[in-house]
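Given chain A's structure and the hints, the job is docking chain B onto it.
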Amino acid sequence: MGRVSPRLLLVEDDDHIRMPLRWALEDEGYEVAEAASGEDACRQVAIAAPDLMIVDLMLGAMDGYAVIREVRRANDLPIVVVSARADTHDIVAALEAGADDYVTKPFQVKEITARLRALRRRVGASSGGDERPQELVLDGDPAAPLVLRPDRGTVHRGTDQLHLTLTEFRLLCELAASPGRVLSRQALLERVWEHGFFGDERLVDVHVRRLRTKVERDPGAPTLVVTVRGLGYRLDPQ
Amino acid sequence: MRLALAPRRLRARIVLAFAVGALLVSAVLVTTTFGLARSYLLDQRESAATRQAFTDANVLASRLSTAGSEVGEELDDLVPSGGADVVVRSDGAWYSSRLDVGARDVPGALQELVASGQAGTARVSSPTGPHLVIGIPIAAAGVEFYEVAPLVELQTALRTLAAVLGAGALTATLAGALFGSWASRRVVQPLEQVAGAATRIAGGELDIRLPPTEDPDLLAIVASFNSMVDALASRIERDTRFVGDVSHELRSPLTSLVTSVEVLGARREELSPRGQQALALIQGELGRFRRMLDDLLELARVDGDPVTAVGEPVSLAALVREVLAHRGGPEVLLSADPDEETVVQGDKNRLERAVTNLLDNADRHATGAAAVRVERREGSVVVMVDDAGPGVPLVERERVFERFARGPRAARGSLPGAGLGLAIVEETATGHGGGAWCSESPFGGARFTLSLPGAPR
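Line by line, the protein sequences are chains A and B.
Reading the first sequence from the start, the letters are residues 1 to 238 in our numbering.
Reading the second sequence from the start, the letters are residues 1 to 457 in our numbering.
Just chain B, same shape as in the assembly:
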């Protein structure tokens, strides 16, 4: 779960970082550009308007210097360019070039400045839009000259500029996010390869390695990952070989013991009653010892050679019948579909061991199998061994198939096993592409089911 989540969160973080980075950079760029453009354009407009105003003021001043001229008349003749309006104050009276422009458009501070004999400018915003007001005193005529120049066009231009720059910033942010997503995929891809390889290795494919890379950033990861898997594989192989070797070493002394006890068994009559009892005990224990050793060897073989079971066609019904007959168990226990319906592809001896282990398990934890059923169930052939024992608690039902798992009642009187029997059942089943599980039997005890893929009929 964590493996699946980590790459996604890492990727989200990378995408976010790229997007935020792009946003910040473009925001700074846009703000600076806009600020510069705005002040430049304003300066331009202001100086143009001021020049215009001085020209107009000069024209008015020269006209007023002509004797007998009226401010109002002269103003009507004065047509400033660029849509500007002119407001003039003469002897406390206000005159304007248009009716809707007047003294209210001239800010008080500017009026005071001009009244004191200085020229100045002021920016005002009125319901008709922003304006630039330039005030010029015409001392010769005792007149205060104001020109009100509209700034609406400039404002529109600035708005357009702002919109264009904003769109640019947005585009840059999106591009940053896209680039981040691409880059994160590049970064995460090797990690996903590692995760995939690790999953397959955990599934038992110990020969999986990461492909060699020339990327110096990944070289270390790939090398250490591969050497980790090497170490793991050789460790597992060593353990398996150890179990196999030890078991093999035990075979010779065990053969010697079994044979000697058989020689002794043939002379049972020569022994005292106590000697006979001791001999019977040894014979029983030797049998158990031998089965445990066989189990260990079988597990070592399964580990060393996990994918076998190409096998031959085997009828499970016939096989279970043979196993029951060999154990001297009553054959009435068995109910089975016809032999030819219950054919699987597999290793006869390993399947025999699995079935034997299921029956041994019933002997050990109950009073033996109460019923054995072999049937064809759709594409599978299942063997069910029911007992009338105490059953297996729900929480234990998976654990019983683990190696060295032993039932709580194993030590009670009956012969305990090595705890390998059911592990072998499960590994045989999975090795044949099937499965094994535990449930409740109709007899009140446990039902162990071995299911294998059936051969096509």
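So here's chain A without its partners, still in its complex pose:
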């Protein structure tokens, strides 16, 4: 099976970072397209969506958050954010805008490629022919049941298909795989993001929050994906 190199869009306004980063990513086997501004990035995504995106948060007129929000309107592709600061607000804001993961400058290319590989790998895994159940009913509401189909990569509320990002989908699958059991943030971080001991558990928190807005009947009072204080999260089928 002749594997096509994944297409990656690199959004970075600093030439001195964009150029070497492009070379390094090409060395790692990615087919890289460049965008030097947020507007350019959105234009390119509108014409032909890439498989992955790397977005610097500090851009010109249109910043990284705006790019992510714009891309997320119609695309579930993995987005890794590059930030100059590890401050809480920037990272959480980027994750809430729809980013899947982040690295802080100065990073090593292998950090980025490790993140990208984790995000890519699970796309393949979820569509692979393993022994996953065909259908999981997470919410038996007769009017609009919530149905997860891990093999097809879809979630339906009634007849509507919900637009989950790949990371949100994977997170839901992990939670649904052991209903009623608490999964720690650390465990989710390892399974969904392949992060080690020092991974940032805020990734899990923000993604759970985003997931709730899409699958909960009332995201303000979640009953499907519940927080277990001090331990982690648990999925309770309704």
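One or more hints might be untrue.
To be verified - Residues from chain A that face chain B, not an exhaustive set, calculated with beta carbons under 7 Å:
1) Pro20
2) Trp23
3) Ala24
4) Asp27
5) Gly29
6) Val103
7) Lys105
8) Val109
9) Gly158
10) Asp160
11) His163
12) Leu164
13) Cys173
14) Phe198
Said to hold, decoys possible - In silico EDC-like cross-links for lysine to aspartate or glutamate, where the CA-CA straight-line distance does not exceed 16 Å:
15) Lys110/A <-> Glu440/B
16) Lys348/B <-> Glu135/A
17) Lys214/A <-> Asp151/A
18) Lys110/A <-> Glu201/A
19) Lys214/A <-> Glu111/A
20) Lys214/A <-> Glu28/A
Treat the hints as calculated values from the structure; they're not laboratory data.
By construction, the Cβ of each residue, glycine as well, lies at the ideal position given by its N, Cα and C atoms.
Positioned in the frame of chain A, the structure of chain B alone reads:
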């Protein structure tokens, strides 16, 4: 120390001043009052006694003018009032109204005066008490008349007066001291507030200000103190922001460098042997540069946000194991209590940095860590990193935790650090409510201990 002492001495001085002032004023008052009262009472007594004496002398003179009368007999009939006694000299002989009174009670000077035909008075003190002697010549009878009036009652009265006035003076002095103590407390109270605020500010609470006052005397102190703290706070904030900004500015060029060198590293084979050596050197230096920058940013973050570390439960044993594994260090170095015993509440990434810095320090100043131990010790969880290096001299053991402190051997061959590593260890420890210190290791080198409050089991 000086701050604690100064108010007390100032207060003592104020109390003393008030007491001495009260004492002086009351002493002057008492002395004047007593003097006036004494001379007035004496005058009164003297004029009364003199009047009495002249009356008695007149009575005697009229009786003696009667023919055939004897001085001795007439004297027996004469009973002066007020307990006075009468002594009379007639033709060189002395007569007295009582046996224990006589010529010896009349001073010689007065005798001479009366003998010369003039009346006079004299005050004498005898074993029976003070007396006033009034001498009157009775020329018609050729007799010298003396009346000896006792002054004991007057003296008693004056003593009582003196005692009362003395007690009053003492009371006034005590009242002065008490008032002084009260006043000094009033004066010193604002100073103590200033001292307290200064202490808290020195402890890092830069948002402390003195409360506004309406006392015009204190207005200037409060205003200038508060503006001093404002200036200090903004200065510190500016410095912190500067370090943070500079470090942030360095991130982009460093990212560019790191990435370019990685691209170069992937083409290592295309380089000549010398080119490969140069590349290896750049890679090493870049790593160091990056760690230093991380340290600087961490310090800027600690300064800008001193009280963080609400954090999450972290097992230090697991954390140290991960750090050692990440560094490729042999895990046999580590001996640790079970993970669940060594849980602390904290910021995982900052704790990782602290542990990494301790291990880096052992690499830099010794041949790496000789043993790492994580254990629960009563309410705390401690991480001990032992090395077999030269150790740290006793006098240096506190200084090594200061910023930009560098060991004397730092420059010898091994890679020197920026001198920030141990400062970060200490600040991370205190930020988590714990501490860090240096002692001797059983391997002959240094033992660095990081102690954090353990989470309740």
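Q.
Next item in the hint list is Gly29/A. Is there a CB on chain B closer than 7 Å to its CB?
A. At about 12 Å, which exceeds the 7 Å cut-off, the nearest Cβ of chain B leaves the hint on Gly29/A violated.
**Q.** Pair hint outcome, Lys348/B versus Glu135/A [Cα-Cα no greater than 16 Å]
**A.** violated, 39 Å
Q: Hold the hint about Val109/A up to the distance rule: shortest CB distance to chain B must be less than 7 Å.
A: holds, 5 Å
Q) Given the hint that Lys110/A pairs with Glu440/B, does the C-alpha gap stay at or below 16 Å? A) violated, 40 Å
Q.
Lys214/A and Glu28/A were given as a pair; does the straight-line alpha-carbon distance stay at or below 16 Å?
A. Given that 16 Å is the threshold and the Cα spacing comes to 35 Å, the pair is violated.
Q. Hey, Lys110/A versus Glu201/A, does the alpha-carbon distance stay inside 16 Å?
A. violated, 21 Å
Q: Tell me if Phe198/A is really an interface residue toward chain B, meaning its C-beta lies closer than 7 Å to one of theirs.
A: holds, 6 Å
Q: Double-check His163/A for me: the hint is only fine if its C-beta lies closer than 7 Å to a C-beta in chain B.
A: violated, 32 Å
Q.
Let's test the interface hint: is any C-beta of chain B closer than 7 Å to that of Pro20/A?
A. holds, 4 Å
Q. Are Lys214/A and Asp151/A close enough, with their CA atoms no more than 16 Å apart?
A. violated, 20 Å
Q: Using Cβ atoms only, decide whether Asp160/A comes closer than 7 Å to chain B, and label the hint accordingly.
A: violated, 37 Å
Q.
Less than 7 Å between beta-carbons is the criterion; does Lys105/A satisfy it with respect to chain B?
A. holds, 4 Å
In this structure, the hints that do not hold are numbers 5, 6, 9, 10, 11, 12, 13, 15, 16, 17, 18, 19, 20, in rising order.
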